[in-house]
Structure formats: structure tokens, C-alpha cells
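Which chain is which? The protein sequence lines are A and B, in order.
With the numbering used here, you'll find the first sequence wraps up at 434, consecutive numbering, no jumps.
With the numbering used here, you'll find the second sequence wraps up at 1422, consecutive numbering, no jumps.
Treat the hints loosely; a few may be bogus.
Pairwise CB distance ranges (calculated) [said to hold, decoys possible]:
#: 1; chain 1: A; residue 1: Asp229; chain 2: B; residue 2: Lys1066; range: 48 to 54 Å
#: 2; chain 1: A; residue 1: Val352; chain 2: B; residue 2: Ala1421; range: 57 to 63 Å
#: 3; chain 1: A; residue 1: Asp168; chain 2: B; residue 2: Ser1085; range: 39 to 45 Å
Covered stretches of chain A (in silico footprint by chain B; criterion: 3 or more residues with CB under 8 Å from a CB of chain B, positions within the stretch not fixed) [stated by the list, open to error]:
#: 4; segment: 56 to 70
#: 5; segment: 233 to 245
#: 6; segment: 263 to 270
Quick caveat, the hints were computed from the structure, so don't treat them as lab data.
Note that the Cβ used here is the ideal one computed from N, Cα and C, for glycine as well.
If you want the building blocks of each chain, they are given just below.
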Amino acid sequence: MSTIPNQNLIQYQLQNGLRLMLKEIHTAPVTSTWIWYGIGSRNEQPGKTGLSHWVEHMQFKGTRKYSGEDIDNLVSRVGGYANAFTSPDWTTYFETMPSDHLRSTLELEADRMVNSRFDPDEVETERTVILSEREGSENYPEFRLDEAVQQRAFQAHPYRNEVLGSKDDLRATTRDDLYQHYRRYYQPSNAILCVAGDFSADQVRDDVEELFGGIPSMPVTTTIPIQEDSLNPGDLVEMEGPGEAHYLEVAWRCPAASDPDFFAYSILESVLSGPSSLNMFGSGSIGNRTSWLYQALVEEGQAVSVFGDLSANIDPGVYKVFTTIQPDGDPAAVLGIVDEQVARLKSRELSVTELERAIKQARALFAYGCDNITNHGFWMGYANSFSDYEWFTNYLPRLSAVTPSQVLSTARKYLREDQRVVGIYRARNSRGAA
Amino acid sequence: MNSAMPDSSSILRAEFNNNSTLLAYPNLTSPAVYFSGFMRPGAFTDPVEKRGLASFTTDMLMTGTKNLTFQKLHDKIESIGASLSIGTGHLSSTFFGQCLSEDLETIWNLLLEVLTQPSFTEKQFKRVRNQILTSIAVQNQDTAEMASQEFNRALYGAHPYANPSIGSAQSVAAIQLEDLRAFHKDNYGPDGLVMAFCGGIDPEKARQIFSRTLGNWQPGQKLSQAELPAFVPPTQAVRSHVALEDKAQSDVVIGVPAPKTLSRDFQVCSIGNTILGRYGMMGRIGKALREKNGLAYEVASYLGAGLGPTTWTIEAGVNPDNLEKAIDLLREELRKFINEPVTQNELEDVKAQALGRLPLSLESNAGIASMLVSIERYHYSLDHLKELPAIIESVSADEILDAAQRYWDLDKLIIASAGRAV
């Protein structure tokens, strides 16, 4: 079974190492251009956290050819939309545009691969903007709890660091730190350019050769962190603060996305906490009210919401379950119920019906994600950031091939009580005796 | 999907005997469908002492029917990878969902069942009440939410829009199960229900499915017919702050009443609003607050649309030490906005963006369905998208200045913030 055909896909590599992926889709007069750089917080050093994300911000501040305002206008004036994202594993920039403006986005991306200015005054302005971005997140207890849990889930691996960077590092970062980071990693050989939509592949290939082909590529030496397969036994993070609602977060190790275990893990997640969508835009979602944790926690009145998060990463990461607990609820009791449901998952094989249901949910999520061109552009680069495009096109067949015994062994391997981090945020103004 | 713009020749619009309406547009390349729509019950009729009644009733609809327990209902939806949600706003209730094309009839049948035969059990009543009360407790710690609620209280005064449709902890605690049953009986029916649909099913087939499901909903008793009370705009400026402990950032909302959505002023102000706080990196106020002064990551302006009164606001999140400075800078931008016409370059940029964005906003099934809902809600013609470019092109800088001066009365600004005590 493969519902994601890749016959239209054209892959090509320029002499300087830039990889090009093109997918013609002629359902709407729209193109989506994505450029992915193999640099994220995973490659950052202690004391220099947040560099990748800050560089991403600076890429909108201008080059010798384009001012920041020009970059805004290039996209906005034709009704396009653009944004950029930094993750632990990658940094990406995209523009979705009316198709007759595709070349202008290629010109922009070629230019800012090498010519961004990093004006010192703008570096200073952006420092406080990023601090403000971080402070906006810090307002939420869930963010503070999650950051603390993430730090405990990794001893030294940079997945422990928030992508935004620590406040201390953000205050100490210099313009030279940022510019060196940019020059070191924004190299053709460390990038994948993906274009999906209404265009002629031959024409775009020529344009890319013309615009990017002359950019020399320096060797990229990225710091590759040592994978961490285990967690500290019984690690517990406890916090307290204002408010009435309590929060519980439980994190277990999950395999790298390229690991064969990842597919059985996806089924396990779907059953336990509901299916996660890996799509980025307009993808829709499926509820989790029939998941085991929702049934045991929310339906039984022990918590008011629960959801899980399994992301596709280069290295082993964490699968997290987040729970919001009512003021008179008890996080310790909720944790006990989470443990019961995990024990249930580890005690027997899933039925064929349970397995088929998880597969149908995944098929629906993929169908939703493929109804817009921007997501097609996203998936080409995203799958390559941790594996290859075949990972995406073969996702459903590989999921369909998972057996009940594989789900059981995966649950037993990863969902261990001595291999998890528990985070509890207790609300001070709670009415109950949590 | 057709690459041409949806219009009267490609949109199917059908009215049914029960006074419901379907709008359908095909995207036969998609294996999935997306639908959204609205119906009558709204929160504005909630009694003062039981605010949150309409919203609570809606939340209960998805907890089971006479034939389906909570578990069975959601099993039917989730086992086919579908989604179905219902919510309540001040003026109406909305619903939306998504499924594989093959499952559309199943989902519309379920929607009909939850709307017509909710079970309203005691167990689910207690559980949902707990969820709502906790949501209110969470909102009470959210600086953006609290600034927004404080703003609405100050601007709307005695009007029902002054209060969040979810209600307060006190009013929700006063609602009984019988209140929900009565509200459902008096307010739910097919009269005025609108369904918009886009996806991998031929519109004629969608019409047939609708006629067998929601189009076949037989009205029961006559529904209550409340009128939205008139809105009296505030007569003086208000500055208020909600103090919350342990917050790294404060949020602020500055605003005024907006023009009526179905007016020429609204079209003019839409262009003006994009210049003020939407275009590129959030327009003029983004430039002032974020680009030049580094004070905020999030800052933007919003022009509300709706059939009732709406607001025109500027919203920002800033470090508590910079709150007053940010407000001063935003006032300064507003002063410029009402004293000088926008430049020709600004106007051309924003018009070009509005025209270019039309096809992009229709990139997905959800985008098309949302556009169809707007067409029906505001009684636009099915050729609205073809008519829009001429409307956009006709807006002048003088018109924007005139409208800005009439709506942004700086002596009557409502300013609400939340965060560290000031």
C-alpha cells in the first residue's frame, strides 16, 4: 500500500553539493519553496545555545542586495507567505507564492545563503526580540515544566537545550558568534532545496544551476553528539507556582526516526495517547478520546486533558505525555493511572482491530496533509532531515507491516518505569490537597 | 481542485425544506474532505447568572447520544481517522470536521445524531463541568487571555459580548443539567444551519448525502428568537491592568469598536489595518516595536469581522519593564495613522498582497470551505471572489485616513494589559 506516489519527484545534486528535490503538482497556480540546512540546536555547544535560532532571525534582516524590507516585500507584495523554523535537527525557510513568482524566491534563497549582513545594530535589536519570544513562552507553566523535563531527559546531548537558547547565553552571544555560525553551516553541501507546485522542473533545474551553482562550498564539520539511549532511573522534576491547575508530564526515550522501532512506536503512541500528526500546515488532526490514557484519565474524571507527542528526530529523543489536572486533582494519582495503562500495553499484544485502526488513522492524517502544496514541499525536506524521502513515501506500508508482537516488544523496550522522567507542576492556589 | 477561482458556475448552493443550506465545491484530486458551518445557538442569550450555558451545552453534545455512549461515539469517529468538533461563539455555534471521502455520510450522520439526540448524562455533566472550570482556571493565568477579557469588559460594557462565552467559575457552577436540556430543546434545530464543504466528492453527490442527513433534520418546536441587544460604544478612555504573579511577559490590548463588517468602511479599514499591523513583519507597528526597538516578538493589529459588534485592536507581548514604553510607541503610531494618509507605496503594496493572496488562501480544502462559510454568513454573492479585486482596487489613501480618524478616537482608547503588577 502506498498512497504517497513519488513518480513526479526529481532529485538532483549540484557540483557544490546542494541537493535539489522537485515535485510538479498542477492543482493550483501555487509553488512552495523550502530550503533546509542541516544545523539546529543539536549541533550547538554549551554556552552557545540559541545560535541556530538567532541566525534564522537574522536571515530576515537583509543582505547586500536585499534590505529586510525588500525581503518582506518580495513575498508579501504578491500575496505569498513565508516563514522559517529552527528545530533541534535543522533550520528551514519557506515561501509559498503564486507560481509566476517562483524565480524571485530562488534568487532570495541563493543570495541569503552567503550574503546576509548581520548588522551589529540589528543583532542588538534582535537580542531583545528573542528574549521577548522566550519570555512569552516562560509565561506558561507547561513550557517551564517541559524545559526542565527535557534537561533531565538528556545528560549531555544537546536535545536537552531549548532551541531558543538559555537567557544567559542569549545575553552573552556576540555578532561574531552568529556570523561564524552562519558562514560555517550555511553551505550548499549542507542544504537541500525543495520545490513543490505548479512549475516546469526543467526550467527550475536550470534556474537553480544558474543561481546556486556558482556558490562555493566549504567543508562542513558539524558536531555530532553522542546518542543517549537510557535515562536516569526514577528521575523526578517538581515545580510549583501560581494558578489552580496542576500539570504532569512523563517522558520516555523514543528511537530515532530512521530506527525500525519507530514505526511500532507510532502505533503504540496512537493507542496510548492518540495519533500525532507530523504534518506542518493545514493538516487537520484526529482526536484522542478513545486512546487508553484519555479513557482512563479524562473520561474517569482524574484529569481534564491528556495528549502525547512523538517527534521524528535524527537521534533517539523522547516521547512525552502531557496532562492537565483539575484544581482538586492529584498529580501522583494521575501518574499511577498512567503507569497502569502503560503496564496494560506491556502485558499483551494488541488485537488486529486495534492495529488496523491505528493504520487507518495514519492514512487519514497523510491524506489531510497532502491536500496542500506547502505540505508537499515541507515533506520532501523534512523526511530528508532525519532519513530520506523514501521514509515518507514508504511510511504507510511500513506502518502496515508492524505486527502486534513488535508493538509489544517495543513497549517493553522503551516504556520502562526506571527509564523515564516525571515532571510535576503543582499549583499554589489550588483548592485541593494535591 | 479547479485552478480557476470558485464562482457561481462551480459552487453548488442548495437550500433544503428545513431551511438549511449546503455549499459545496469539488477538489477531486483530494482523497479527503473538509467541512465547516454554523447554526443558530449563540452565547449572547445566556442569563447573567448562568453565563456559559450555550457553550456548556455544546460541549455536552459530543459526550454521547441516546444510542451511542461517549466511547462508542468517539470510536466511530476516530476509528476511521475522522474529526468532528462543535463550538459556540457569542452569536452562533460552529462545527467543522475532516474525513476520508469514503466516510462523509458516516460523519454527517453522526453530526446529525449528536445535534438531535444528545444523552446529557449526569456523569458526563460532572466531567465536562470539571473540564470547563479548569479551562477557566488556566485562562485566569494567561496574560494574553486576561488582557483580552479585560479589554472586552471595558469596551462592551453592558453588552453580552463583554463576557467570555465560556462563562465564569461562578456562573458555570450555577448551571444545572436541566438547564442544558432546556437550552438544547429551545435552541437547536435546522433552521438557518449552513454547511460548507470541499473535497474529493462530486458536489451533486455531496448534496445527496446532505439531503439524507442534515438536510432531512425535521424541525421540532419553534425555536426561541432572541435579538442581539444594541451595542453602545464607550464614551471615554479606559486604562486597566490585571496583575498576575510570576509572569516574565505582559500582554496589552489597545483598541476601539470596529466598523460593521457589511459596510464599505470595513473594506477600507481592512486595507488600512494591513498597513497598520499586518503587512510583512506586522506592518507599521511591527516596524516600530519589533524592528526598530526590539521590544516585542509578537505584535499585530486585528480587525474583527462578524454580524454583531466587533473590535479593531493592536495586541503585543512585552517585557513588564517596557510596558508603558510600548504603549507610548503604539499611541504614536496611531497618531500618525490618523493624521497622515498612508503612502502610495504602502497602499500599492497592500493591495497587491490582497489580490495575490486570494488564490493562495484557496490552496487547501479547509481554505475553500472557510471562504464558502463567509459567503453565506455575510450574504455575499457566489461570485464574491471575482468581485473582490475591484473592491480592493477602489480603496484610496484619503478613504483610509477618513475612516482611521472616525474609528481611532485617541481620546477614547481602551487599553487593557495583564502581567506583573504595575
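A quick look at each hint next to the structure:
Separation of A:Asp229 from B:Lys1066 is about 51 Å and conforms to the stated range, judged on CB atoms against 48 to 54 Å. Our hint of 57 to 63 Å for A:Val352 and B:Ala1421 holds, since their Cβ atoms are close to 59 Å apart. Remark: the range hint 39 to 45 Å for A:Asp168 to B:Ser1085 is upheld by a beta-carbon distance near 42 Å. Counting residues of the segment 56 to 70 of chain A whose beta carbon lies closer than 8 Å to any beta carbon of chain B gives 3, which reaches the threshold of three, so the coverage claim holds.
With 5 residues bearing a CB less than 8 Å from a CB of chain B, the segment 233 to 245 of chain A meets the requirement of three and the coverage assertion stands. Residues of the segment 263 to 270 of chain A with a Cβ under 8 Å from some Cβ of chain B number 0, which does not satisfy the need for three, so the listed coverage is violated.
Violated hint: 6 only; the structure is consistent with all others.
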